[in-house]
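Chain by chain, the residues run as shown.
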Amino acid sequence: MRRLLLALLLAGAAAGGVAREAPPAAADPALEARVMALAATLRCLVCQNETLADSGADLAADLRRQIREKLAAGESEDAVVAYLVARYGDFVLYRPPFKATTLLLWLGPFVLLAAAFGFLALYLSRRRRQQLAGGGLDAAQRARAREILGEPPQSP
Amino acid sequence: MAKARFLIPFGVFVALVILLGSGLKLDPREVPSPLVGKLAPPFSLPQLDRPEAKISQQDMLGKVWLLNVWASWCVSCRDEHPVLLEFAKTGVVPVVGLNYKDQRAEGLRWLSQFGNPYRVSAFDSDGLVGIDYGVYGVPETFVIDKHGFVRYKQIGALTPEAIRKKILPLVKELEAGA
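Chains as they are written, first to last, in our numbering: chain Y, 1 to 156; chain X, 157 to 334.
For the record, the hints were derived by calculation from the structure and aren't laboratory data. Being a predicted model, the structure only gives us computed values, none of them experimental. No false leads were slipped in.
Some residues of chain Y that are not near chain X, with every Cβ distance over 12 Å (derived):
#1 S76
#2 F98
#3 L132
#4 L137
If we take Cβ atoms under 10 Å as the criterion, some of the chain X residues that face chain Y in the derived model are:
#5 R185
#6 V187
#7 P188
#8 S189
#9 P190
#10 L191
#11 K194
#12 P197
#13 D282
#14 G283
#15 D288
#16 Y289
#17 V291
#18 G293
Restraint ranges, calculated between C-beta atoms of paired labels, are given here:
#19 Y/A100 - X/R206: 40 to 50 Å
#20 Y/Q131 - X/L182: 45 to 55 Å
#21 X/L180 - Y/A145: 44 to 54 Å
#22 X/V173 - Y/Y94: 21 to 31 Å
#23 X/V173 - Y/L132: 34 to 44 Å
#24 Y/G118 - X/L195: 43 to 53 Å
#25 X/R260 - Y/A57: 15 to 25 Å
#26 Y/V85 - X/E242: 28 to 38 Å
#27 Y/R144 - X/V173: 35 to 45 Å
#28 X/P165 - Y/P109: 14 to 24 Å
#29 Y/E50 - X/S268: 33 to 43 Å
#30 Y/A37 - X/E329: 38 to 48 Å
#31 Y/F98 - X/V248: 38 to 48 Å
#32 X/V173 - Y/A145: 37 to 47 Å
C-beta atoms are modelled at their ideal positions from N, C-alpha and C, and glycine is treated no differently.
Based on the sequences and whatever the hints tell you, model everything.
Below is the structure:
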C-alpha cells in the first residue's frame, strides 16, 4: 500500500515536471545558437547585471523572442542590435560604443595610467637629482651623520 | 611649500568623496530613454473595455497627452493610482493608459475597483507596443506633445512632487507652444 502511494506520488511529481511549459526555442539549433550568442552581449533592463541570455525576467524572454523572430526573418545581428538600441538606448549594450559621451569611459583608464607613469618618472628623476646632489645633506649634516654612525670623519 | 604637500592626499580624499558621493545619487535603474525628442512609436491596439474599437497614437495628435503604462499585476501602479486619479480629475491633459501584458478581465476589474483615470486604455497583451516604447519597469509615463513627439519619460510611479515639478511645468510649456 505504501509502495503504491509512493509510486503515485512520484508519478505525480514526474507529471508535474513534464507539464511545465518548455522555454520557447527555435526549432533550428543553429538559429538558437545565434539568438543566444547575441543575447549574451545584451543587458537585461530588469535585472541589470544579467544578460538577456541569462535573465529569467519576463521582459528578457519577450526580447529573446523578438531577437529570434527577427533573426529567423533574415535580419542581421547588427539590425537586431539597432532595433534594441533605438528602444532602450546604448544601455542594453554590454560593450558600449566609442563616441563623444563615452570618451571618458574608454580613454579614462589610459589617461590615469599615463598620469601615473608621468608621476613616477617625475619622482624618480627628482630622487636621482637629489642623490647626485649628495642625498640632500650639506657638509655639516654629513659630518654629523658620520659621527652618529661611528665612522671616522672623512674629507670628501 | 613642504607643509602644503601634506594637503595633497587630503585633497585627493576630498575629491574621491565628492566623486563617489555624487555616484550614490545617480539611480542606475533610471535608464535615459532614447525616445525623448523622437516621434512616439506608432501603435494601434484594441481598447481595454471595447475590444472591437482601436486606439492609436494618431488619435491624440494635436493634443498634449500622457501615456501611462500600467498593469493589474504591478505593485507600484497601486501606489501611483491615487496620484494619477487626482491628476486626471484636474483635467489638465488627457491620460491614455497602456495596459501592459495584462489579462483583460483583471485590468477591467482593477479599474472598477480603484477608479479609472484614463480617457482610454490600450490593451497590449503581448507587450510588443511596450517594447517599442522601451518599457522595462511598469509604471512608466510618457509626456507626448501636440505633434506626437515624446518629450519626457518618467520611470517608476508618478509622485505628487514629480507632477508638480516635472509634468505640470512641461505640459504648460508644451500647451503654450505651437
